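Protein chains in written order, with our numbering: chain A, 13 to 330; chain B, 13 to 330; chain C, 13 to 330; chain D, 13 to 330; chain E, 13 to 330; chain F, 13 to 330.
Careful, some of the hints might be misleading.
Remember, identical chains collapse to one label, so a pair may be satisfied in a single copy or spanning two.
Said to hold, decoys possible - Listed next, the in silico DMTMM-like pairs over lysine to aspartate or glutamate satisfying Cα-Cα at most 25 angstroms (straight line): (1) 63 to 76; (2) 63 to 314; (3) 194 to 133; (4) 328 to 67; (5) 63 to 257; (6) 328 to 257; (7) 328 to 308; (8) 37 to 156; (9) 37 to 118; (10) 194 to 67; (11) 328 to 136; (12) 63 to 25.
Derived by calculation from the structure, the hints in this document are not laboratory data.
Note that the coordinates shown come from a computational prediction; the quantities given were computed from them, not determined experimentally.
Protein chains: 6
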Amino acid sequence: MSRLPRLAAITADTAGWGFFLCTAKELRVSRSGSEFLIFTLQDISAQITAKLFDEVTRFQGEFEAGEFVRAEGAATVYNGQLQLVVSSIRRVNPEQDRLEGFREEDCVLSALRPIDEMWTELTDRVRAVADNHLRVLLFRILADHEAQLREWPAAQVIHHAYRGGFLEHIVKMAEVGASVAKAYGANADLVLAGVILHDIGKLQELWYEGGAIGYTREGNLVGHIALGLLVVRETASGVSGFPLELRTQLEHLVLSHHGSREHGSPVEPKTIEAFILAAVDELDARVNQVRRAIREDAAEGEFTTWNRRLGRVLYKGT
Amino acid sequence: MSRLPRLAAITADTAGWGFFLCTAKELRVSRSGSEFLIFTLQDISAQITAKLFDEVTRFQGEFEAGEFVRAEGAATVYNGQLQLVVSSIRRVNPEQDRLEGFREEDCVLSALRPIDEMWTELTDRVRAVADNHLRVLLFRILADHEAQLREWPAAQVIHHAYRGGFLEHIVKMAEVGASVAKAYGANADLVLAGVILHDIGKLQELWYEGGAIGYTREGNLVGHIALGLLVVRETASGVSGFPLELRTQLEHLVLSHHGSREHGSPVEPKTIEAFILAAVDELDARVNQVRRAIREDAAEGEFTTWNRRLGRVLYKGT
Amino acid sequence: MSRLPRLAAITADTAGWGFFLCTAKELRVSRSGSEFLIFTLQDISAQITAKLFDEVTRFQGEFEAGEFVRAEGAATVYNGQLQLVVSSIRRVNPEQDRLEGFREEDCVLSALRPIDEMWTELTDRVRAVADNHLRVLLFRILADHEAQLREWPAAQVIHHAYRGGFLEHIVKMAEVGASVAKAYGANADLVLAGVILHDIGKLQELWYEGGAIGYTREGNLVGHIALGLLVVRETASGVSGFPLELRTQLEHLVLSHHGSREHGSPVEPKTIEAFILAAVDELDARVNQVRRAIREDAAEGEFTTWNRRLGRVLYKGT
Amino acid sequence: MSRLPRLAAITADTAGWGFFLCTAKELRVSRSGSEFLIFTLQDISAQITAKLFDEVTRFQGEFEAGEFVRAEGAATVYNGQLQLVVSSIRRVNPEQDRLEGFREEDCVLSALRPIDEMWTELTDRVRAVADNHLRVLLFRILADHEAQLREWPAAQVIHHAYRGGFLEHIVKMAEVGASVAKAYGANADLVLAGVILHDIGKLQELWYEGGAIGYTREGNLVGHIALGLLVVRETASGVSGFPLELRTQLEHLVLSHHGSREHGSPVEPKTIEAFILAAVDELDARVNQVRRAIREDAAEGEFTTWNRRLGRVLYKGT
Amino acid sequence: MSRLPRLAAITADTAGWGFFLCTAKELRVSRSGSEFLIFTLQDISAQITAKLFDEVTRFQGEFEAGEFVRAEGAATVYNGQLQLVVSSIRRVNPEQDRLEGFREEDCVLSALRPIDEMWTELTDRVRAVADNHLRVLLFRILADHEAQLREWPAAQVIHHAYRGGFLEHIVKMAEVGASVAKAYGANADLVLAGVILHDIGKLQELWYEGGAIGYTREGNLVGHIALGLLVVRETASGVSGFPLELRTQLEHLVLSHHGSREHGSPVEPKTIEAFILAAVDELDARVNQVRRAIREDAAEGEFTTWNRRLGRVLYKGT
Amino acid sequence: MSRLPRLAAITADTAGWGFFLCTAKELRVSRSGSEFLIFTLQDISAQITAKLFDEVTRFQGEFEAGEFVRAEGAATVYNGQLQLVVSSIRRVNPEQDRLEGFREEDCVLSALRPIDEMWTELTDRVRAVADNHLRVLLFRILADHEAQLREWPAAQVIHHAYRGGFLEHIVKMAEVGASVAKAYGANADLVLAGVILHDIGKLQELWYEGGAIGYTREGNLVGHIALGLLVVRETASGVSGFPLELRTQLEHLVLSHHGSREHGSPVEPKTIEAFILAAVDELDARVNQVRRAIREDAAEGEFTTWNRRLGRVLYKGT
């Protein structure tokens, strides 16, 4: 049996084996009364739903969610989505499997761009911030949360939901925000600060471990918008002489970045910079969603299947 | 000319003089090109819109918003609302006017119940809180904000918009919240805490001085829900050993008390106590609005005129 | 095989036999072409979805929806919900099964509080009504509908959907309504009347028999709000000298108790008592829903799984 | 001074005198402090807002709302609407004024078509109803409410708000409903019954006297949809052997005729006839609104001014 | 094995063979891992979901979507809907199968009324149009699109989704529109033109072939409302001397026929004719939906099962 | 009397004379019965509401809307907005008034940036378009509409409502669109085309003459989105060999640029370029609105008065 290509390159007829990260696993009883395993596998390029129907008892103990695995199987199409029907699976034995080419970093769904490169771009932007207090605050944010900012996804499901997705989201928003701020003569440093801070509360709203992700207690009961406010307030209080008016502007950016109350912002944008931040965030999330929907679509023809979240089909082009 | 009765007792034919607090004042040009003064007067019982059409130049300098005044005039009905057409007005001269019975406290629109009595009721409730950390935190809140909590209105316009209105609102909510919590076997201390804390951010969202009221910069850009969260976080950090889970519950109560995102809550109720708090707050505001609309209505018949905020007429009864 | 505990105490590994009421039963064909039975079982404490995959032909005739049954099986988790995979089932043979402890009342999902106790509390409240006409009318309502009021659930699905649920709903609302009315100086007798009458039309909107429940023709075409109005109008016409203004107030309470037109009330609350009734009804339904969602949730951790009706997860606590 | 033409024929430069019904009258104080009278005059063809600025004291007692008046004045345009600036007004002296051509029926805003003609058309349609019970019930409704059905408007403001408007509305709906029912093979008698009964509750919801109109207590607290249901229930109970299923169908038509809960129907259409009734009612009201807006518009050009109720301008044509 | 009756006459116990059109076909893997075929069959009277579980490999190549087939099987109820479990299937062999009575036209789901009869009715209406330009334009539309107008359905799913459905929709709308226009003294020719043109863009929005249907590229990216506008503009430009004002009226009818922006009309009705067209279109679609839901419902009792699209159950009658 | 500064520099105490364009003029009757003129004046920097109360008869004939005027008066604040109370006004006498410095171009409210400069920037962008067909089409659009594109405002009221506003809007959108397209690897030429074409239908939707502006018949009945589609279709048909797929993409951009059906787009964005165009259009309009609201606000303090269109106050800064 040959080795599977990257998951992003798999099609309905592909069969073989590969190394993956398993991020979710459940035992289900089918309507016919037989048990089967349903689980999620990912590699650096994509993730896929997998099912195992035979010898369930034998394989059930061979792996858990959060572990790297070696799996064999064949891709099929189910309800218009690719899935992998797995015939054999076990957790990785690192020493032995490295000989066959196993590398942890190849098994985690990741941003396309190298993380170091994105991090450098972000710190360069912060270095160019003119206002001393603001620059100090932003560097402190980056220092306090570097490990998470480099590794985390930006969300559980909706957009940028992969390793490095958080960083990819803010680096791209920083690029777009800079040119938009320039075009409108807005305060570019404030916009950059808004970009870096707007989702900072997600680092407490979510937990992220071994490719798996979920909501914390504070995430459910307080939420990332309010948690982000607390981070700004506390970090600013640690920067000597941080101006109150500037602090309030930053807090306004964090609180208003969803753009409207219906979308969860307790206050709505009241400054040019807040309008820009909300628009840039919305557009970046939307573009990421659209791109992913087009990339993951398995339908024939020029359009994707119906996208429930966006409420429409999307044009894939000729 | 005889002395006017309390404003709440004035009708369309009343004329005379009285002492009032002026809370707003503006010079306008009528469509016919002549100038007139439009201002708001209040006493302990009600407030009224007043206009001065004659000798504008002479009286314009005789008083300002925020000052106590002595005014003469006659009540008329305009668009279904009582207003006072003032013929003469000047600021109070305390020494001299006290001889005629001027007292500051009679001129400020106030809650019906004595403030000391309400304050005692509230502190008694806090004293009965079982959990030590929670009781300490609530007493600290009361101590830190006592002056404001005793004097402030609960809002700029919509409900409880008078001296002591904030306290009246939370004391009544505490009474209702206690019986509702008991009926449902909910944590009554948490509900009481939610009642006391839910609008605490309004003390920073608004300014209130001399009967006048408005939004602060932080009020507009951060808002009372987020400001309240910051107060809870900071006060809890000052109570040694305050449990994290309890702090999160309190923060959840503050953040979710508007009941839904459309109404400005970034997170929605996820505990019984949060559902109770939101319902009790909504009902207390609604009852206050309805009572005021009925009390201030000057229309004949069993129903008030159309109430724009509530989108209906109200039944005044037979 | 040992006897199963109450359904509310069952967990994923429990197996055994028990007596239940079957409230729904359907034959389905699985995607693999084999038939299976899906049905609902309940006892006094909870209800559960059950499936039977083996010997379908043999067991199909052994029981029907609406009958008491003796079933054997084992609990499993399916999509985060507990279900019972039944291996053997037959209708109860009363004489014989009573020897093993079968009692009808143990097999019907019921309110926690004894019905007689709730009924006494309710009639005591009515006895205390000051207005003669109103008291007479309420006693007539209780007399005319006693059997139903004691036994019926309050709804088909959403809240208080079990034996005695209707009574539990109005008794709890009466308790809360009394304290709220007192706090606001509202007419407590009117609020009590609203509580007793608000859902009275459900006794014609629904049918309820043998634990099963559904909509009647009038329920679908007229609905409980309008049916309740007809009950009030007719009952009042049987009370000699019943004042028209009072009758109109009662009808307003029934018609407006959903609080807004979007929720099905053709008129919206225009009296303090109507505002209180709508708030108390909403809160009681909500608390019941939340409590049930928390009780029935089988997910690990501090939060329930996503609750579709409420559009959120709920906090189960530490 | 010459006699004014019908109000519908007045333009911005018309001056003269005429007989009218005054339907509303109020004393206002202008921003410049002077009092003026604002009132509404109507004749058979249209109604107009009128103002009197000079000698207010003298004319104030010369007429009241609900009286026929003789008024002199000149039309002007104010905010794009015609108004009549009245210089002299007094109540009609019937004996004397009849000599100058005063006739009550010329002074009440009325449907274009003669009432007797419409009444005959309606009774003819009822006579053709096949089902005995239904025909008897409809004739009883016509008999019980003949005086009101012939004279009343269909609403206070929005559509058909003139003498005979109620009848005009149902006669036109009967015509359209008959052809639509035929086209779809629906039960035409049921549709006719729905047309006649759908707004029957308005006869209790409103009062109408001397051209003036308003809401009754039951109108505000119960509303015409529920009041209509009560009329149907009561009238049906007086028709011996009236079938329950038919009664329920009629009640469903009345209750669902606003088409959706947002528009105040506690149940939504569930029969073809109910769908037809709601569509025909909506369209008839809409056409009446559009026609009136076009007829009353005083703007130059092909389009009316912005119509607030419809949220758009309307095309008047070339 | 006997021959199946028309699909509309099939019930849960019917078994046999018949000729059908297959309009969709998919291979699925069941939860138990076995493959099965799911496909749609139709005849002139109805369509039905079919499944084949045995010998999938053998039958998979025996037919494709878009082909006429001969199938054997038995009807069962699944989730309250009838489905056909097929045991044997193959594509039609026209020569041979005609001997057994195969006729293409019997296998395509079709309007009840003969197409020629409807076409004649429509052309008769156009012939009666008074305005020369308009009549010429309408005849050109009919001539340019005759083949499609006679055969196409009116939509992919929601209403009139069968052969001749487009024509049935506009012929019925023409009938209703004519009587409504007459009742209101509207321009009946304009209404007829609106009826014929309003969905003309669907002929480019959709493709329809062999009973199958889908969206074209222009359908997804431009949509039938805008495509219809283009057809009107282009056809009018081919009619010499076509008046601009008339062209604009026609374009307005096409663009506004969904009645509001939320339903996809970029402009809302601003003429009586546009209001009529939108109402007649909405009602015709609704009646068709309701009739089909009632006809296809397999539930016992007086009401259909819950209709997701309409958000309610429907009354089937006694 | 001295010469007034630019209108943008006027404050509440400024008095003097100046040259202006009058864009609207109406005679009104005040509540006190006296007539006055209300009109709008503009110069290159701002516009202002003006009123004339004295000698109305004399001045009424001295000027009309659409004419350049010489006016004398003094600025006052009315309801928080500056207005000019004019004491004398007459139409400009060009020969004579040029001696005092009258220049037409100084009297028309205009974009800040010189039109030639913006035009050059736009044509440079078009010159850089890679696709031949697209470049030819865009140049043809610019050539066909150059005069209007250089002079027109972008809207009647909401944003960019001044001479050159249309051009300013698309030039700024082109700048932002280019950088956003680059950031996301979108087709920058398509985005530019969308920017230039998205509002092209406004040139037929509106008329604009002498600073005055309004809706045409086609504007009201067809609307700029559909009119823009027609321009694209027609212009593309004049470019030999214009690819159908490209034409459809352009039409999709025009039709979807309002982003959602609620905002008037009959189809919603289905390509990355359409998402970008809608976001950039929305943001540019919003920024323009916010900037203007801040610039025109006359309130004291850090925040503007309540902005009805945006539903909030805006932060003007310290």
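These are the hints, each one checked on the structure:
1. 63 to 76: within (14 angstroms within a copy, 28 angstroms between copies)
2. 63 to 314: Close neither inside one copy (29 angstroms) nor across copies (28 angstroms); limit 25 angstroms.
3. 194 to 133: both (18 angstroms within a copy, 17 angstroms between copies)
4. 328 to 67: neither (40 angstroms within a copy, 36 angstroms between copies)
5. 63 to 257: Answer is neither; intra-copy 55 angstroms and inter-copy 38 angstroms both fail.
6. 328 to 257: Between copies, since 12 angstroms is at most 25 angstroms while 47 angstroms is not.
7. 328 to 308: within (11 angstroms within a copy, 36 angstroms between copies)
8. 37 to 156: For residue 37 and residue 156, the Cα distance exceeds 25 angstroms both inside one copy (33 angstroms) and across copies (51 angstroms).
9. 37 to 118: Answer is within: at 20 angstroms inside a copy they meet the 25 angstroms cutoff, but 38 angstroms across does not.
10. 194 to 67: Intra 61 angstroms, inter 51 angstroms, cutoff 25 angstroms: neither.
11. 328 to 136: Answer is neither; intra-copy 35 angstroms and inter-copy 30 angstroms both fail.
12. 63 to 25: both (16 angstroms within a copy, 23 angstroms between copies)
Against the hints set out earlier in the document, violations occur for numbers 2, 4, 5, 8, 10 and 11.
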